[in-house]
Amino acid sequence: DAGITQSPRHKVTETGTPVTLRCHQTENHRYMYWYRQDPGHGLRLIHYSYGVKDTDKGEVSDGYSVSRSKTEDFLLTLESATSSQTSVYFCAITGLAGDREQFFGPGTRLTVL
Amino acid sequence: GQQLNQSPQSMFIQEGEDVSTNCTSSSIFNTWLWYKQEPGEGPVLLIALYKAGELTSNGRLTAQFGITRKDSFLNISASIPSDVGIYFCAGQESGGSNYKLTFGKGTLLTVNP
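Residue numbers (the working numbering), protein chains in the order written: chain H, 2 to 114; chain F, 29 to 141.
Chain H with its partners taken away, still in its complex shape (with noise of 0.2 angstroms):
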């Protein structure tokens, strides 16, 4: 059990509301990430952390920002959600077994109507 959890775990919203996805683990790992898994595609890198206040983009990230104010918590936003972003968000952490190995959280699903 990496520690990880994510909040919500379900929600809908109407297209054009902002949306905050929350990730948080107990552990101190110093990288977290956020993707997205949709039919057909696999994982996404949305946007990753690899420290307080330290961000960068990741493959799909146009329409989310990020924000990562303490360790342990790493926060996705939609400003303004569209029917495209409706998917299932995971947020993840590399561990301390490995830099290489990434455990990954439940899961948030999203949908935007």
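Hint data in this document are derived by calculation from the structure and do not stem from the laboratory. By construction, the Cβ of each residue, glycine as well, lies at the ideal position given by its N, Cα and C atoms. Hints are supplied without guarantee of correctness; some may be wrong.
[Said to hold, decoys possible] For each label pair, taking beta carbons as the anchor points, the in silico distance ranges come out as: (1) F:Asn103 / H:Thr21: 38 to 44 angstroms; (2) F:Val72 / H:Ser68: 24 to 30 angstroms; (3) F:Ser35 / H:Glu60: 20 to 26 angstroms; (4) F:Ile95 / H:Thr21: 42 to 48 angstroms; (5) H:Glu60 / F:Thr96: 49 to 55 angstroms; (6) H:Pro107 / F:Tyr78: 39 to 45 angstroms; (7) H:Pro9 / F:Val72: 36 to 42 angstroms.
Based on these hints, arrange chain F on the given structure of chain H.
Then chain F, alone, in the frame of chain H:
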């Protein structure tokens, strides 16, 4: 960007059979990871491989890092119903930075009791 080709997309087998899934990349990787994902849950790391030719087992699961460093396979022996799920590979490209991974699209395994 980098792509991983994972095959087959799905497998339907009888309990007790052995089964394999494999991934190939167009460039050299320095890490291969294998994950299993069950419905409604996050991916769980099964096996991590770090050296060309490395063969690693985890119970009935065996994975190998290809000699060319462009491929990897996962084998499940004597399958049981609880093996059902999506198995996918992930790799880190040699020379890649900040621990970013590329993911295959997954193989859906169904086991008939």
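Against the structure, the hints come out as follows:
no.: 1; hint: F:Asn103 / H:Thr21: 38 to 44 angstroms; result: holds, 42 angstroms
no.: 2; hint: F:Val72 / H:Ser68: 24 to 30 angstroms; result: holds, 28 angstroms
no.: 3; hint: F:Ser35 / H:Glu60: 20 to 26 angstroms; result: holds, 22 angstroms
no.: 4; hint: F:Ile95 / H:Thr21: 42 to 48 angstroms; result: holds, 46 angstroms
no.: 5; hint: H:Glu60 / F:Thr96: 49 to 55 angstroms; result: violated, 25 angstroms
no.: 6; hint: H:Pro107 / F:Tyr78: 39 to 45 angstroms; result: violated, 27 angstroms
no.: 7; hint: H:Pro9 / F:Val72: 36 to 42 angstroms; result: violated, 22 angstroms
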